[in-house]
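Chains as they are written, first to last, in my numbering: chain A, 1 to 583; chain B, 1 to 87.
Calculated directly from the structure, the hints in this document are not laboratory data.
Please read these numbers as outputs of a predicted model, since none were measured by experiment.
Check before you lean on any hint, since a few could be wrong.
In silico DMTMM-like pairs for lysine to aspartate or glutamate, Cα to Cα no more than 20 Å straight-line [what the hints assert, rightly or not]:
no., chain 1, residue 1, chain 2, residue 2
1, B, Lys-61, A, Asp-120
2, B, Lys-58, A, Asp-120
3, A, Lys-114, B, Glu-12
4, B, Lys-38, A, Asp-266
5, A, Lys-118, B, Glu-57
6, A, Lys-125, B, Glu-12
7, A, Lys-125, B, Glu-57
8, B, Lys-29, A, Asp-266
9, B, Lys-29, A, Asp-120
10, B, Lys-80, B, Glu-4
11, A, Lys-542, A, Asp-266
With beta-carbon atoms standing in for the labels, derived distance ranges [claimed, not checked]:
no., chain 1, residue 1, chain 2, residue 2, range
12, A, Ile-49, B, Asp-33, 20 to 26 Å
13, B, Leu-2, A, Lys-30, 39 to 45 Å
14, A, Glu-311, B, Arg-18, 50 to 56 Å
15, A, Ser-129, B, Ile-22, 20 to 26 Å
16, A, Glu-92, B, Pro-69, 22 to 28 Å
17, A, Gly-110, B, Glu-57, 23 to 29 Å
Sample of chain B residues lacking proximity to chain A, with all beta carbon distances greater than 10 Å (derived) [said to hold, decoys possible]:
no., residue
18, Met-1
19, Ile-3
20, Lys-5
21, Arg-37
22, Leu-52
23, Lys-61
24, Lys-65
25, Glu-73
26, Glu-76
Virtual Cβ for every residue (Gly too), placed ideally from N, Cα, C.
This is what each chain is made of:
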Amino acid sequence: MSLKGIPASPGIAVGKAFLFDTRQLIATEKDIKQDAISSEIARFEEALIKTRSEILAIQKKISHEMGTQHAEIFNAHLLVLEDRMLIEEVIEGLKKELKCVEYIFSKVIGKYIKVFSKMDDEYLKERTSDIEDVGKRILKNLIGAQEKTLSDLEEQVIVVAYDLSPSDTANMHKKNVIGFVTDIGGRTSHTAIMAKSLEIPAVVGLEKATVKIKTGDILIVDGADGIVIINPDKLTLKKYEAKQQKFVAFEKTLLDFKDTLAATIDGHRVEVSANIELPDEVSSVIAHGAEGIGLYRTEFLYMNRNDVPDEEEQFEAYKKVAAKLSKSPVIIRTLDLGGDKFLSQLKVPHEMNPFLGWRAIRFCLAKPEIFKVQLRAILRASVFGNVKIMFPMISGLGELRQAIKVLDEAKQELRNKKMNFNQDMEVGAMIEIPSAALTCDLLAKEVDFFSIGTNDLIQYSLAVDRANEKIAYLYRPTHPAVLRLIKNIIDSGHKENIWVGMCGEMAAESGFVLILLGLGLDEFSMSPVTIPEMKYVISNVKFEDARKIAEEAMTLPTGEEVEAFANKRLNELIPWLKKTKKQ
Amino acid sequence: MLIEKKLTIQNEQGLHARPAAIFVQIANKYESDIVVRKGRQEVNGKSIMGLLTLAAEKGAKLHIKANGPDAKEAVEDLEKVILGETP
Numbered sequence: 001m002s003l004k005g006i007p008a009s010p011g012i013a014v015g016k017a018f019l020f021d022t023r024q025l026i027a028t029e030k031d032i033k034q035d036a037i038s039s040e041i042a043r044f045e046e047a048l049i050k051t052r053s054e055i056l057a058i059q060k061k062i063s064h065e066m067g068t069q070h071a072e073i074f075n076a077h078l079l080v081l082e083d084r085m086l087i088e089e090v091i092e093g094l095k096k097e098l099k100c101v102e103y104i105f106s107k108v109i110g111k112y113i114k115v116f117s118k119m120d121d122e123y124l125k126e127r128t129s130d131i132e133d134v135g136k137r138i139l140k141n142l143i144g145a146q147e148k149t150l151s152d153l154e155e156q157v158i159v160v161a162y163d164l165s166p167s168d169t170a171n172m173h174k175k176n177v178i179g180f181v182t183d184i185g186g187r188t189s190h191t192a193i194m195a196k197s198l199e200i201p202a203v204v205g206l207e208k209a210t211v212k213i214k215t216g217d218i219l220i221v222d223g224a225d226g227i228v229i230i231n232p233d234k235l236t237l238k239k240y241e242a243k244q245q246k247f248v249a250f251e252k253t254l255l256d257f258k259d260t261l262a263a264t265i266d267g268h269r270v271e272v273s274a275n276i277e278l279p280d281e282v283s284s285v286i287a288h289g290a291e292g293i294g295l296y297r298t299e300f301l302y303m304n305r306n307d308v309p310d311e312e313e314q315f316e317a318y319k320k321v322a323a324k325l326s327k328s329p330v331i332i333r334t335l336d337l338g339g340d341k342f343l344s345q346l347k348v349p350h351e352m353n354p355f356l357g358w359r360a361i362r363f364c365l366a367k368p369e370i371f372k373v374q375l376r377a378i379l380r381a382s383v384f385g386n387v388k389i390m391f392p393m394i395s396g397l398g399e400l401r402q403a404i405k406v407l408d409e410a411k412q413e414l415r416n417k418k419m420n421f422n423q424d425m426e427v428g429a430m431i432e433i434p435s436a437a438l439t440c441d442l443l444a445k446e447v448d449f450f451s452i453g454t455n456d457l458i459q460y461s462l463a464v465d466r467a468n469e470k471i472a473y474l475y476r477p478t479h480p481a482v483l484r485l486i487k488n489i490i491d492s493g494h495k496e497n498i499w500v501g502m503c504g505e506m507a508a509e510s511g512f513v514l515i516l517l518g519l520g521l522d523e524f525s526m527s528p529v530t531i532p533e534m535k536y537v538i539s540n541v542k543f544e545d546a547r548k549i550a551e552e553a554m555t556l557p558t559g560e561e562v563e564a565f566a567n568k569r570l571n572e573l574i575p576w577l578k579k580t581k582k583q
Numbered sequence: 001m002l003i004e005k006k007l008t009i010q011n012e013q014g015l016h017a018r019p020a021a022i023f024v025q026i027a028n029k030y031e032s033d034i035v036v037r038k039g040r041q042e043v044n045g046k047s048i049m050g051l052l053t054l055a056a057e058k059g060a061k062l063h064i065k066a067n068g069p070d071a072k073e074a075v076e077d078l079e080k081v082i083l084g085e086t087p
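Next comes chain B alone, as it looks inside the complex (with noise of 0.2 Å):
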């Protein structure tokens, strides 16, 4: 299953910090491959490193892919984190 959603970011911090550390805890939890996307630049959702080389600011608008068998529960809890709600 793929799933595929674009978000803006609401966080004040933008994905620094601790929302990309929260991220990519809640990534890790599922079965799924993640991509993130920001403009044409690709990161493993899976990675720190990755989603904080995206230095993705408030506002700043993404692509989140999962693509395995808990694609859908897992976009839709890392949603609530791109826009600043705590799962």
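This is chain A alone, in the form it adopts within the complex (with noise of 0.2 Å):
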């Protein structure tokens, strides 16, 4: 059986799936026949068995630890586990319905719930969580779903969720997770970046892979294609396997452009850089030849954890980073939580509309307390190398002034504790809001520079929630108002001599670079991974082509015409990319 999802990172896997899991278990309802019966009773009895030998483990662990008073409540949950009327319901209800187990078992487990919560007694109303945890564990045995967190994967496994968050990859075991595959998300969702960054195939938006694959089953995840392949046979394997030698010597290949000077050929220069995620990627990021980091994501200091990181601690990671990179530049992007990114230790309350709410620099001007820790270790850091710094989800030139205002608080109190920083570290605004687009203009004549971040001025535009597979297709960074919105910020900063990058998606895709760097963008900065083709790109066209490609985009209707053109295009000025892709 094979699925078909959203491209996210290119590459081809081949491994056993591990089912990861942290939504609520939903039980689908399937007939079964009647000669099923007695093996569905087994798979019940199994998980019985699983479940009992789960909960003694815990019991013993937490009588070890917090004394066998704590470990009681678990006395409960066996019982409830070995109920003679709850398994006997089960089984009566196997053979009356012909449905499969796991949906009896929920919806018996579920009658009981609704009977005790109703109950007048207290004491037995708080039973009801016992009997929801034993059950839930049940069905987690039933379903085959593991209660393994990403940290302790034994062998390498590609895996498979409904999502992935911030908080699930930051605790992986990196070295064995082979590929991604989830049910939402779009090219710009967490896992998508996060994919890249590690360079794993992944396709997401599949919708249904958390319910069509169990842990163990065998995958193909064709990254490039957005396909998944459950347990195929001798032949797709075969047919893959080569494929991925395919890819791998593609990627080889490209790997010999890592060092091109990024220049097209009549000579107009570029800059291209990496985005990355935490400190460990520098060694990505010089091997893959970029020039610079134009995006050092500072929100993985911030997660998992119980406290707020302190200046040192941050200064540790900043400094580290500019330090490796010596005299390339370093830009960091302040804290950027909120969204689809939350703090745990600060209690930011649950929205309705998380991307357009308190987050970013909304966030951290309403707490200074917390920016201002960040501002003087940035600042710290500057005298070790080529930072700059970049405020995200700037609204308004009113918003600007008042992160300007606080950056220039930091500097004083390290003037005043007669500490260096980088008095002319160059301050920059991410544009990636429309109403700071229209306004750049305005914006340009107070910083030095901006960035694209194409991922949220896209959603943003165009009102497509980027994790939303559903509305997937609407998300098309060649739509002409968002062309329109890049042409406007490139057009307005260079008004003001002041350079212009992107640090979005869009900048790693081949075809639209040519428009981008025909419509002036001065720096691209992407996924490590990405570098060596995009610099083979920019460096087999001649900028007068781009331009012209840029001029002729702008004037098309829609955004599926400008991608077909600006593939055309690419095709026909640097036909080797495709053919060597494809093969």
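Hints are included, so try docking the two chains, each in its own frame, into the full complex.
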């Protein structure tokens, strides 16, 4: 069986599936035949035995760590687990309804939960959670999802999940993950960005991957075409193994271009740099020939912990990267939490529209005591390399001025303490909100550079949630509205003599790069792995041709036409690329 | 052999929590089928969920019915739990 989703990170992975499900467990209703009853009962017994040993293990651990008193509750769990009425009702239900055991079981346990939660007696009411707890464990063992985190993977696996959050991937045992497959998400969701930075294939937005795939299934993940094949036959397996080898060879060939100068045939020079999520990625940045770091995300410092990182810790993290890159620029983006990323220790209230909510610069300006710690750490790190600072999610000049004011205060605090920092550190604004894109003539007068964050700019301009796979088809970087905004940002920046970069995924698509190059974009920042390909593209076209392509693209009425046109011109100008990629 | 007995719960906590758990554990030691009835509600005495759904508090009247080779011993033991003695 094969599933079609959204290609999120190229490459081919073949391996065992690992179902990583953190959502509520839902048993799907499935009919069974009369002769399957006994095997369904056997599955039920197996799940009960497994649940029992799990509970005993937890009980032992708790009683060891906290005393037998606290472990008492698990006796009640064991009683529920071994309850005759419950077991008999499930078996009766199986025979009568001829539905799969997980469905019958969740129905029976649901009935008890309802009865208990309605009781007048407080004590009995509280027992509802015990029953729920045991019920979930049994159901989990029936469905086959495992309670492991991604930190203790013992073998190489392809992670199959509903969605992967930054905290899931932060704890992940990276060496043992060879691919990602998720139900939701788009090309710019966290899963996709993470997969690219790890250089592993990923397919997202598959809708029902977690239902169709079980732990242990053999999967083929084709991250370029967005295809996932479940338990393939030998022939298919062979075909994809050959394709995998070709892809690896292609990547290797491209790597030869990593040190190519990012200049067009006729001498127009641009900069190609890398986006990073973690300081460890610096080695990959250097290995792929990046000229600097165009986006250093700092959220990792704040995630999966119970306190806020102090100035020293942040300073060390920024200094490490700045020093390693020495003279090459490192653009540090200030905290961009909110939206799909949130802080565990800062109680950020649940929001209906997190992407339009209290996040990034809005959050930082409301919490200057947290913001200033980061600003001082970045300023201090600026002595050790070519550090620049960038504010995310600026919506207009007022907000930008406020952020710069806090930065000035942080500078004064350092001066008072006689601490060193680069007085001339460049300050930039990320342009990712349409209101900023439309008023960047005003913003350009007060910053040293712009960096276009296309992932959010597209999402906000087109009103398309980039994690929602049902509307993924509407997420189009080449939509005329997006192109016009980008052109306006670049032109306004150049008018004030500041440089304009891009740190969204759009900068890593060969066809789009031709248009962006032609519009005059100065810096292209992307996942390290795509750098050699973009350098190859840039160094194999004439700036004159790129300008004509951009000019014509601006006249086309739909995003589809722009995309088709750009790819057609790419193939005409650099036929080798497609030929080598597809082979 | 069928043994039936009418009892009033003496235990302060009623037939909740630990007493219910102990009741079920003891009931499960016997081969006989055990049924507990409160008013019109009848449940399997070997089931904690069943027993708890009776919501039997102190003073509630219960019928215990055991049917099997060891019914007599079973009822004697279970009676102790209902009367608040640890068997």
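So, going through the hints one by one against the coordinates:
Pair hint Lys-61 of chain B plus Asp-120 of chain A holds up; C-alpha atoms about 19 Å apart against a cutoff of 20 Å. Restraint check for Lys-58 of chain B and Asp-120 of chain A: satisfied, since their Cα atoms lie roughly 15 Å apart, inside the 20 Å limit. Of the supplied pair hints, the one linking Lys-114 of chain A and Glu-12 of chain B is violated, its CA atoms being roughly 26 Å apart against a limit of 20 Å. Note on Lys-38 of chain B and Asp-266 of chain A: the hinted pairing is violated, with a Cα-Cα distance of about 94 Å set against a maximum of 20 Å.
Taking the CA atoms of Lys-118 of chain A and Glu-57 of chain B, the gap is about 16 Å. The hint holds against a cut of 20 Å. Under the criterion of a C-alpha separation no larger than 20 Å, the hint pairing Lys-125 of chain A with Glu-12 of chain B is consistent with the structure, at around 18 Å. About 14 Å separates the Cα atoms of Lys-125 of chain A and Glu-57 of chain B, which keeps this hinted pair within 20 Å; it holds. Taking the CA atoms of Lys-29 of chain B and Asp-266 of chain A, the gap is near 91 Å; set against the 20 Å cutoff, the hint is violated.
Distance check on the hinted pair: Lys-29 of chain B and Asp-120 of chain A sit about 31 Å apart at the alpha-carbon level, beyond 20 Å; violated. Between Lys-80 of chain B and Glu-4 of chain B, the direct Cα distance comes to roughly 15 Å. Compliance with the 20 Å bound is thereby established for this hinted pair. This hinted pair checks out: Lys-542 of chain A and Asp-266 of chain A have alpha carbons roughly 5 Å apart, not beyond 20 Å. Hint check: Ile-49 of chain A to Asp-33 of chain B, Cβ distance near 24 Å, so the stated range 20 to 26 Å holds.
Remark: the range hint 39 to 45 Å for Leu-2 of chain B to Lys-30 of chain A is upheld by a beta-carbon distance near 42 Å. For Glu-311 of chain A and Arg-18 of chain B, the Cβ-Cβ distance of about 53 Å falls inside the hinted range of 50 to 56 Å, so the restraint holds. Between Ser-129 of chain A and Ile-22 of chain B, the C-beta spacing of about 21 Å keeps the proposed range 20 to 26 Å intact. A hinted range of 22 to 28 Å holds for the C-beta pair Glu-92 of chain A and Pro-69 of chain B, which are about 26 Å apart.
Between Gly-110 of chain A and Glu-57 of chain B the CB atoms are about 26 Å apart, so this pair conforms to the stated range of 23 to 29 Å. A cut-off of 10 Å between C-beta atoms confirms that Met-1 of chain B is not in contact with chain A; the least separation is 21 Å. Ile-3 of chain B, annotated as away from the interface, keeps every beta carbon of chain A farther than 10 Å; the closest lies near 20 Å. Distance to chain A confirms Lys-5 of chain B as a non-interface residue, since its nearest Cβ pair spans about 21 Å, more than 10 Å.
The Cβ of Arg-37 of chain B sits about 14 Å from the closest Cβ of chain A, beyond the 10 Å cut-off, so the non-interface label holds. For Leu-52 of chain B, the condition that its CB be more than 10 Å from all CB atoms of chain A is violated, with the nearest at approximately 6 Å. For Lys-61 of chain B, the shortest C-beta to C-beta distance to chain A comes to about 17 Å, beyond the 10 Å cut-off, and the non-interface label holds. Annotated as non-interface, Lys-65 of chain B keeps its C-beta farther than 10 Å from every C-beta of chain A; the closest such distance is 16 Å.
Chain A leaves Glu-73 of chain B outside its interface by the beta-carbon criterion, the shortest separation being 20 Å against a cut-off of 10 Å. At the 10 Å boundary, the C-beta of Glu-76 of chain B stays outside the reach of chain A, the nearest C-beta of that chain being 21 Å off.
Going through the hint list in order, the structure does not satisfy hints 3, 4, 8, 9, 22.
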